[in-house]
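S.K.: Same order as they appear, the protein sequences are chains A, B and C.
Residue numbering for the first sequence follows our numbering, beginning at -17 and increasing consecutively.
Residue numbering for the second sequence follows our numbering, beginning at 449 and increasing consecutively.
Residue numbering for the third sequence follows our numbering, beginning at -2 and increasing consecutively.
Read the hints as simulated data drawn from the structure, not as lab findings.
From the three backbone atoms N, C-alpha and C, an ideal C-beta is built for every residue, glycine too.
Among these hints, one or two may not hold up.
[Said to hold, decoys possible] One side only, chain B facing chain A, incomplete, derived with CB under 8 Å:
1. Gly589
2. Val610
3. Gly614
4. Gln623
5. Gly631
6. Gly637
7. Thr687
8. Ser691
9. Val709
10. Leu714
11. Leu717
12. Phe739
Residues per chain are reported as follows:
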Amino acid sequence: MSATTAPLTGDKDNEATETKTDPVSRWADERLGLYKGTKSLIRKVFPDHWSFLLGEIALFSFILILLSGVFLTLWFKPSMTEVEYHGSYYPLNGVSMSEAFASTLNISFDVRAGLLMRQVHHWAALIFIMAIMVHSLRIFFTGAFRKPREINWLIGFTLMILGLLEGFAGYSLPDDLLSGTGLRIASGVVLAIPIVGTYLSYFLFGGDFPGHDFIPRLFTIHVLLVPALIVGLVTAHLILVFVQKHTQWAGPGKTNENVVGLPFMPVYMAKAGGFMFVIFGVVFLLAGLVQINPIWVYGPYTPDQISAGSQPDWYIGFLEGSLRMMPNWEWNLWGHTISFNVLIPSLVVPGILFTGYALWPFFEQWVTGDKREHHILDRPRNRPTRTAIGVAGITFYGVLWLGGGNDLIATHFHLSVEALTWTFRVLVFVGPVIAFWCTKRIALGLQRRDKDKILHGRETGIIKVSLDGEFSEVHEPLSAGERYRLTAHEVQKPLELGPATDENGVPRPGGRGLRLRAKASKAMFSDHVETTVEEYKELEAGHGHH
Amino acid sequence: MTRTSGIGKESSVVNTLSARRRHPLAAFVVLFLALGLIGATYATLGSAKAKAASSAAATPEQLAEGQKLFQSACSSCHGLQAQGVQGSGPSLIGVGAAAVDFQVGTGRMPAMQIGPQVQAKPPVYTQEQIDAMAAYISSLGAGPDVPAADVYTPDLSDQGSVANGGVLFRSNCSQCHNIVGAGGALTDGKFAPPLRQTSEKHIYEAMLTGPQNMPIFGNSVMSPQNKRDIIAYLMHSRTEAGSPGGLDLGSIGPVSEGLFVWTIVLGLLIVIACWIGAHTTKASRARVAHFEATTGKDATNNE
Amino acid sequence: MSTDHLPESVGGAGHGTLTKDAAADDPFKDPGLPEYRPRVTDLDPKAAKRAERQVALLFLISIAGLVGSLFCYTFISNTAVVRVTGLGTVNANNLALGLCLGFAFLAMGSGAIHWARTLMTDVDLVQYRHEMKSDPEATAEAVSEWKQGVADSGFTKYPLIRRSLLTAMLVLPLPAVWLLRDLGPMPKDRLRHTLWAKDQKLINPNTKQPLRAEDITVGTLALANPEQIYSPEQKEEFVDQLAKAAVLVVRLPQNALKGSEEQKKQQWDWSVDGIMAFSKICTHVGCPVALYEQQTHHMLCPCHQSTFDLSDNGRVIFGPAARSLPQLPITVNANGELVAVSDFRQPVGPSFWERG
């Protein structure tokens, strides 16, 4: 049985040796079985690579969000009761506003370090969601979601969605003009939901928009419900990383059966702990030097005011863009209204995008039929179709994202909003196709370059001129380790179905599903550049013995 | 190392490609210098402010001077009698002196280029010349006069005025000009200009006359005191209020914050991650050899 | 601890074509971990000492930053502003605290990392992976225990219990939803009505005075709310009503109107000599539309750039909004004040399922 999954077994060694321990640890061990539980964790090996630290950025910024968030709750009043402001920010003196907004002003101007903590909280939130996305893309492009990590992929995906939700809830709490506008849009989206939309909106807002109930309700979701879910899922996410051990890049001595790296205690304890403080440091410097969400200039929310350039935080920007570039389709049928102009961009498009992303590991496994465990990461170039689909998805998201800022792009580059919107309407379809094609070509080109390197060696930058004046570059053969690194991946071949009936006229087993799978497999794996041992040996022999 | 001096002249010339290469950061340095230069140029040009002066009663000399200037600079678009020319310039009869002072004083007139909207640029005429043209135009038909300094000069020490100005700005102006006057997009390439550099007088005149596509906020809809409050709020946000939290990133809201996070912050964090993730530099072979020679121990023995 | 069950081939491209025997002369085979190479700090005690001092210095800087933050918190007023070149006018307390704590954390973190990189072990360790799948004995044991448990429960033996329990489980979620009923009132027809009604004065929110016909010249943009919204009984519902009732008032010359004769007539009839009131709430998702271009008569929503042509019955000419901006019929009372003729003739704001 595996040592990591068996905290309660394998205690024979303990009885055999009498190790002196300090009384406190012994006290704890006698009650918790501390040594049994942690002995295999202490020297757990983690592989070294910068891209393995992206998830840590998310984790540590989340810790900072929790800490600064607790600070903010000590003064924030989640109430929509109207009050007249009389605090130290006199440009809002005497202005009628909700208690939520007034208390946010109080935190910003009257509570010492309050502004700092607000800015820490907000910057860390932007970094949190960014880090989740970048981390998730790293997993996607390197195939780290493959068996046995599909569950952890889904947990991570859920965390990303919860992060978006949590971020939007937090953005909405101060009840300033910008966040109120965001909620107004959200209420418009809810209203557009067929059949139940109107009821849903009235239940959510406790009546007409904006009502007096929503901020307190959102507060509970923001500080209790979603954070509790995130903490729980993050814990599960990390336990699984420990249990399943980290993936690693192929390299000399690094195989699918082992994990090579430095021990958790002390190296990763220090590196990860240090990274946590470095991230804290970066966020605190940001909070001290760069202003974020100056709610006092936006003023309190009132439903009849608006500002040019009203945008959500970046992670909701793709929805904003998708709403902006949607044509105005709306149907009226039998006395009912279906607002495709709202439903498609705000619910259907993200629904498809995210569902596709979440289910990708299962789709890929279905196509490859590969049921083995994979612990060696793919270099993105070696999976050209997956990489190209990923880049196409990013392009799609990116165009929506740009669309969300079309007014600012227009003013900064002196373009017309209408022309930009039309450009994005076209690009959102054409862009991903171009991106797919280019990425695939680039990936295959890189594969070809790898092949050149394996067969002919590394370019040295040294130019030789022969006696007849011919220039050539000196190539240096790769080391055995480098050769292994570049060839240590499988080349996935497309699924061959064979003839429809065998020689006895018996039809091939497997129906339409199999044919579909073969088609998908062909699309994904037909293009590849293979370097075989034979090619290498042949070339080696041809080179002679000089 | 020898230099290649010509194809085939020397039997075997070896040259490293890198000898010809520039420092990898050179391109960035050049880019930054260029950007800095452009920025500096813009800053110098942009800071040229129109001098504020109020119009007094017009003298006959002034009217004559104004007419002369009008005919040479404006009549080709607005007609010799300022009656307007279909398709090139509107009639100026009855627009008032304030409109002239704003349009010419902010450099929008004379218009130089065709575009969705006439843009502000360094003014072509001195304030005296502008006053003369304004006097001439207002002599053609009554319209809003250039406001006196005490009408548009806000009292920044009046906190109530600043606060009221904020409320008015948010309900009447920010929809186009953004929340601290950073400007915003309109239809078909038109835009509401930023207000960060505009003088008090020109802001007042703009509200009074509604230049180009800006609506008019006449005195009956928005009293002179209201206008002064708005100016007080804008001036206060420029000077005293500043950006308490630090760098304001252009005051255009979450987009620039997001951009900042995805470029500078992400870049920085990845650099740090590379530092943490990379193996520490190994001792050179020479150093290892020296160690083994002096201590007699095996350096590769890691026990 | 056997690795037999692990996939055999995870090797390189060429490996697939080779048999296991040929692997011996495989040029692509794994050469194994490279030989350990020491760092300078492993060899040179002086370098190690230097690294130790650097780490300690970073931790000392961290202490200085943390103590400095206490000092700044206590002695720098949080209303003090300071002008910093490159940053602008900023809050001194915020800046000082951010810098102190930022550098303190940076120093603490980089001290730990520098320590790990220079003085802690640099020797790659190898640990072996084990397939996640349970081994056959464990599987057999767990399955038999489970079966025993099921048998002991009688779950399969007593179908009545099983079925009634499953039904109870199906009903269980219902109260969880049902009990949320009091979250809000039924919408009824609240989305169809605003506070506008016959003879409601158009109040200018800037001045809190009624708008008068002569106030509105061509080119003017004025805001207006129904007079009733300022009454004490509306205090509780002020924002909710404002979210539906806010209107914009503009004046258009008759020759600027577009559309069919019938539409032009209606638009003109609902105006006072060209003074027209339009809903300020976008028909897309409800942002206030207020970007009025007085020369083109376009009204733009800054949220999603829906553009309405007020001279053409508020028709949508660009963007995602599907419906025209509703016009409020107005007239003028005996005092020359603008008043509404009635409520809006159609629901304002975003579409909803029952709107029709």
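S.K.: Going by Cβ atoms only, is B:Leu714 closer than 8 Å to chain A?
M.R.: holds (6 Å)
S.K.: Double-check B:Leu717 for me: the hint is only fine if its C-beta lies closer than 8 Å to a C-beta in chain A.
M.R.: holds (6 Å)
S.K.: Quick check on B:Val709 please, does its C-beta sit within 8 Å of some C-beta on chain A?
M.R.: holds (5 Å)
S.K.: Is the interface hint satisfied for B:Gly631? The criterion is a beta-carbon contact with chain A at less than 8 Å.
M.R.: Because about 6 Å separates B:Gly631 from the closest Cβ in chain A, which is inside the 8 Å limit, the hint holds.
S.K.: Going by Cβ atoms only, is B:Gly637 closer than 8 Å to chain A?
M.R.: holds (4 Å)
S.K.: Tell me if B:Val610 is really an interface residue toward chain A, meaning its C-beta lies closer than 8 Å to one of theirs.
M.R.: holds (5 Å)
S.K.: Under the criterion of a CB-CB separation shorter than 8 Å, is B:Thr687 in contact with chain A as hinted?
M.R.: Hint violated; B:Thr687 Cβ to chain A Cβ min 12 Å, cut 8 Å.
S.K.: Could you check if B:Gln623 really has its C-beta closer than 8 Å to a C-beta on chain A?
M.R.: holds (5 Å)
S.K.: Quick check on the hint: B:Gly589 CB to chain A CB, less than 8 Å?
M.R.: Constraint on B:Gly589 not satisfied, violated at 34 Å.
S.K.: Going by Cβ atoms only, is B:Gly614 closer than 8 Å to chain A?
M.R.: holds (5 Å)
S.K.: Does B:Phe739 pass the interface hint, meaning its C-beta sits closer than 8 Å to a C-beta of chain A?
M.R.: Violated, about 23 Å.
S.K.: Hey, does the B:Ser691 contact hint survive, CB to chain A under 8 Å?
M.R.: Holds - the Cβ of B:Ser691 comes within 8 Å of chain A, reaching about 5 Å at its closest.
Going down the numbered hints, you'll see the structure goes against 1, 7 and 12, while the others check out.
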